[in-house]
Structures are given as structure tokens and as C-alpha cells.
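Under the numbering used here, think of the first position of the sequence shown as 8, with each following residue one higher.
Keep in mind the hints are simulated off the structure, nothing from the lab.
Please read all numbers here as calculations on a predicted model, not as lab measurements.
Note that beta-carbon positions come from the ideal geometry of N, C-alpha and C, so glycine has one too.
Check each hint, because a few of them may be wrong.
[As the list claims (entries may be wrong)] Pairs of lysine to aspartate or glutamate residues, derived as EDC-like cross-links and limited to a Cα-Cα distance of at most 20 Å, are as follows:
1) Lys386 x Asp260
2) Lys285 x Asp379
3) Lys455 x Asp360
4) Lys101 x Glu136
5) Lys240 x Asp260
6) Lys455 x Glu394
7) Lys151 x Glu214
8) Lys165 x Glu154
9) Lys290 x Asp147
10) Lys290 x Asp243
11) Lys165 x Asp260
12) Lys430 x Glu319
13) Lys430 x Asp447
14) Lys143 x Asp104
15) Lys143 x Asp94
16) Lys455 x Glu408
17) Lys151 x Glu107
18) Lys455 x Asp390
19) Lys285 x Asp316
20) Lys457 x Glu471
21) Lys97 x Glu190
22) Lys285 x Glu319
[Unchecked claim] Taking CB as the label site, the calculated pair distances span:
23) Ala452 x Tyr27: 16 to 24 Å
24) Ala56 x His366: 54 to 62 Å
25) Lys240 x Asp147: 42 to 50 Å
26) Asn337 x Asp316: 14 to 22 Å
27) Glu115 x Gly411: 31 to 39 Å
28) Thr468 x Glu294: 37 to 45 Å
29) Gly444 x Glu74: 23 to 31 Å
30) Phe52 x Ile322: 22 to 30 Å
31) Ile245 x Ile48: 30 to 38 Å
32) Glu74 x Ala342: 17 to 25 Å
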Amino acid sequence: MKRDFLWGAALSNVQAEGAYLEDGKGLNVYDTLVVTPEKGIVPMFCDTAVAADHYHHYKEDIDLMAEMGFKAYRFSVVWSRIHPLGDDEKANEKGLDFYESMVDYLLEKGIEPVVSLVHFDMPDYLLREYNGFLNKKVIDFYAKHVEVVVNRLKGKVKYWLTYNEINLAPYQSDLVAGAYRPEDMSMTEMFAQLSINTAIAHARAVEVIKRIDSNAWVGGMIGHAPFYPLTCKSEDIIAADFKNKMHNYLPFDIMTSGELPDYFLNFIKQRHIHIDYKEREQKVVLESSQKLDYLAFSYYRSGVQSSFDHIEDFIDLEDAILFDHRNLKNPNYTANEWGWQIDAEGLRYSLIDLYHRYHKPLFIVENGIGIDEKLDNGKVYDDERIEYYQKHITSLKCAVEHDGVDLMGYLAWSPIDFLSSHKEMRKRYGFVYVNRGFEDLLDLARYKKKSFYWYKKVIATNGENLQNDIEY
């Protein structure tokens with residue numbers, strides 16, 4: 008791996024901070040999210056009042072990251088901590104002070120900040136009053152928010168991400184885009200318009216960041232899950248191709264070309280969908296495509312896709328594929344307790360595929376495994392996590408060293424335990440165990456897992472030594 012490779016980890020502040028309404032913070036869509044349980048073991052949902060209390064422990068947590076040798080750390084600026092309602096005239100200075108202090112402390116420790124600008128944290132008021140990114144006014148509020156944050160952190164933050172997992176907006180619209188589907192709008196109409204509106208929001212953010220800090224590196228991000236055909240039948244291959252275009256490629260195709268791709272225009276035309284996409288917005292999207300520096304993605308698992316034998320109409324068939332809830336399983340892979348299948352070579356495939364499609368530097372900004380863990384005399388023996396990372400890092404090294412992929416860095420998910428996207432405390436991802444339960448907050452003390460020492464060694468050897476030979 009190249010010497011300046013950005014080893015580190017990432018978390019979502021809205022899932023980790025707690026400090027529910029402290030220091031002027033407003034409610035956001037994650038705070039008010041009504042969770043639909045994942046399939047798998049019995050969930051243990053928590054509210055966001057305390058979470059992992061990262062708000063009050065951030066220096067301790069960053070000290071642990073520095074001890075591991077992090078080169079980079081990705082976190083998110085919680086929108087509702089800066090603009091509590093979202094349409095506020097003035098920003099919350101205490102919120103800005105908090106994130107500036109965090110950035111200053113990271114730089115003091117020699118860690119490069121990587122900042123996400125919207126990550127499940129849209130102010131709840133913008134959902135209730137405006138219906139989030141389905142309303143173009145919210146794009147204006149977002150651009151103003153980005154301007155405030157970048158002006159405060161200019162010259163301190165080099166790497167920016169405009170929008171976390173932007174491709175999931177049509178699928179988890181309340182959490183990802185702060186929007187509900189209106190009664191008079193079909194699912195495909197919402198998919199089309201929300202895909203366009205979030206592309207505009209991304210483009211506006213790129214414009215703002217580059218205008219304020221021309222030296223900044225700006226990236227777009229998706230939650231990437233490659234879909235393989237379930238069988239070798241041509242129908243399944245066509246189904247998987249369609250699913251990959253609409254689920255994985257669409258946002259990057261728009262971001263990098265500045266135009267709506269032909270397959271998406273055809274999707275809209277065949278369904279007689281009227282889209283609101285003004286000429287001035289198209290210009291912003293086109294101009295932003297020329298300013299984009301890199302593409303980032305999260306990777307946890309791959310999926311499989313098949314056709315529907317009983318659906319004869321092509322439009323109905325594509326719609327069924329687009330919103331497929333069958334949760335088909337790949338017989339070649341095992342899964343964690345929540346049914347997330349583990350496909351390490353899928354990471355290599357994704358890197359090859361995305362790099363040769365877009366020819367831009369790539370950045371893995373999330374990759375990890377959720378495990379139901381217990382503290383045992385102050386220790387957590389998470390060899391399952393180490394094995395997961397061994398295989399995925401081996402996969403990405405092959406993509407770089409053999410396949411020629413330009414990869415900027417690798418950020419594991421995550422440095423510490425915190426609430427999952429489903430507000431699940433039982434599903435732990437961290438290298439550091441946070442001592443709290445479902446209802447009992449205990450003492451919130453931090454304990455280094457076995458993987459903490461393993462990842463420290465990986466970073467120190469620039470990814471060369473992946474052996475699980477840690478004395479713990």
C-alpha cells in the first residue's frame with residue numbers, strides 16, 4: 008500500500024454522541040425514527056439521549072484512535088446541532104464550537120478529519136414542515152448549512168463527503184432524506200424525483216465547498232452492495248444488471264457525468280413520470296461533476312437478484328426488482344446474527360467495478376461487522392471481527408496491488424461501539440467496547456477489544472501484517 012494510505016475508522020455522530028438536546032441541539036430524523044426491527048436475533052433498541060455519550064467522551068475516544076495509529080477519522084457534523092430547526096437564520100455557535108474543537112484535537116493528534124455533511128441527521132422540523140429533500144426549499148437550507156460548516160472548518164478539514172449513502176434515499180426516505188411519500192405519489196415517482204433532488208443537494212454542496220476552499224477534496228458517497236445474478240439464467244442476469252444500475256450506479260453516474268443517464272431517462276419516460284428538474288439545477292449538477300475529486304462508499308455485504316417468473320409486463324417486472332423485499336440469500340456465504348452475508352471478495356469486485364467505470368480515486372469509508380458481544384473481565388475476544396477484517400483487507404490489497412485500483416484509504420466501521428442505524432445497542436461494531444446495556448447505562452467506560460491491538464498492528468505495518476497473533 009502507498010505510504011500516504013489513509014488507515015482509520017469512521018462513525019456517525021448522530022448515533023454516537025447522545026447529548027440529546029444539549030447545548031442548543033434540535034431533534035433530528037434519527038432521534039424521532041420509529042424503528043422497523045431487522046430480521047435476526049431479538050433487538051435491544053435504545054433512544055438517543057445518551058447513545059455512547061461520545062459528546063462528552065470525544066477526547067478520550069480520539070486518544071484511543073491515536074493509540075491505534077489512525078491516519079484518518081471520518082465523523083459527521085450533526086445538522087440539527089448546527090441548525091436546530093433547519094431553516095434557522097442563525098447557526099448554533101455551541102454546535103460549531105464543538106465540531107471545531109473536535110477537529111482541532113484530531114489535528115493535534117496527527118489524525119486527518121474526514122467530514123460527512125448529512126448522515127441521518129436532518130432536523131426533524133424539515134421533515135414535518137417541508138417533507139425533507141422532496142421539497143426544493145430544503146436543498147437551499149442544506150446549502151446554507153454546508154456554507155456555515157465549511158466556513159468554520161476551512162483550512163482544517165481537507166476531505167469532505169457531501170451526503171452519506173445517498174443512493175439509499177428512495178428506500179429509507181425518512182431517515183436518509185427526511186421525506187415521506189405523499190399519498191398521490193407512486194413509489195417509482197418518488198424514486199425518480201428523490202434521486203434527482205438528492206443529486207442537486209450533492210451538487211450544491213460541492214459548489215459551496217469548492218467556492219469556499221479550493222484546496223478541499225470533495226467526494227460523493229453511496230452505500231454499495233453489488234447484486235449478483237442468483238442463477239446463470241439470462242433473466243436473472245438482466246434483473247441483476249437493472250438492480251445494480253438503479254441501486255448502485257445511478258448516483259455516481261449523475262455525479263461524474265453531470266447528466267441523467269439514458270437508462271434512468273428511459274425509466275422515467277416509460278412510466279410517464281413528470282419530473283421537476285430546472286435548467287439552472289441541471290447546470291449546477293453539470294458544473295459540480297467537473298469539481299468532484301473522489302468517490303467514496305460503504306461496503307458490508309453483497310446481494311443476489313433474480314427475476315420474477317410470474318410477472319410478464321416489463322414495467323411491472325422492473326418495479327418488482329427495484330423494490331424487491333424477498334431478501335434472497337447467496338448459498339455460497341455465511342452471515343452474522345442479523346443475516347448480513349459476509350463476502351470479502353465482493354469488496355475486491357466492487358473496487359474493480361467502480362474504478363473501471365468511473366476512473367476516479369476511491370475511498371472505502373465504512374466496512375465492518377456487527378456482533379452481539381459481552382464484556383468478560385474487562386476484555387472482549389472478538390476474533391470473529393478480526394477474521395472479517397483480515398479477509399476484507401486482503402481483498403482490497405489485491406484490488407490495489409494486482410488490479411491497479413487507485414484507493415485513497417480504508418476506514419473501518421467503527422472505532423467505538425454505538426447505536427446501529429436501527430438504534431440497536433446489541434449490534435456492536437467497535438474496536439472499543441462501550442460499557443452500557445440496553446436500559447442500564449452502567450458506567451460508559453471504554454474497554455479495548457482484542458481487535459483494537461490487532462488493527463493497531465495492521466496500521467503500523469501499512470497492512471502487511473494481518474496475522475491474528477495478538478497476546479491479549
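**Asked** When you take the CB atoms of Ile245 and Ile48, is the distance between them in 30 to 38 Å?
**Response** With a Cβ separation near 36 Å, Ile245 and Ile48 satisfy 30 to 38 Å, so the hint holds.
**Asked** Does the alpha-carbon distance linking Lys143 and Asp104 stay inside the 20 Å limit?
**Response** Cα-Cα ~29 Å, so violated.
**Asked** Holds or violated: are the alpha carbons of Lys455 and Asp360 at most 20 Å from each other?
**Response** Answer violated: Lys455 to Asp360 is near 36 Å, above 20 Å.
**Request:** Given the hint that Lys101 pairs with Glu136, test it: the Cα-Cα distance must not exceed 20 Å.
**Result:** 25 Å, violated
**Message:** What's the verdict on Lys285 and Asp379, does the C-alpha distance respect the 20 Å limit or exceed it?
**Reply:** Violated, because 48 Å separates the two Cα atoms, which is more than 20 Å.
**Prompt:** Is the distance from the Cβ of Ala56 to the Cβ of His366 consistent with 54 to 62 Å?
**Reply:** 45 Å, violated
**Item:** Lys151 paired with Glu214 [C-alpha distance capped at 20 Å]
**Value:** 12 Å, holds
**Message:** If I claimed the Cβ atoms of Glu74 and Ala342 lie 17 to 25 Å apart, would that claim hold in this structure?
**Reply:** Between Glu74 and Ala342, where Cβ atoms are some 32 Å apart, the hint is violated.
**Given hint Asp260 paired with Lys165 - CA-CA distance at most 20 Å** = 24 Å, violated
**Request:** For the pair we were handed, Lys285 and Glu319, check the Cα-Cα distance against 20 Å.
**Result:** 35 Å, violated
**Message:** Would the hint linking Lys430 and Glu319 be met if the CA-CA limit is 20 Å?
**Reply:** Measuring from Cα to Cα gives roughly 40 Å; hence the hint is violated.
**Verdict for Ala452, Tyr27 (Cβ pair) under range 16 to 24 Å** = 21 Å, holds
In this structure, the earlier hints numbered 1, 2, 3, 4, 5, 10, 11, 12, 14, 16, 19, 21, 22, 24, 30, 32 are contradicted, and the remaining ones agree with it.
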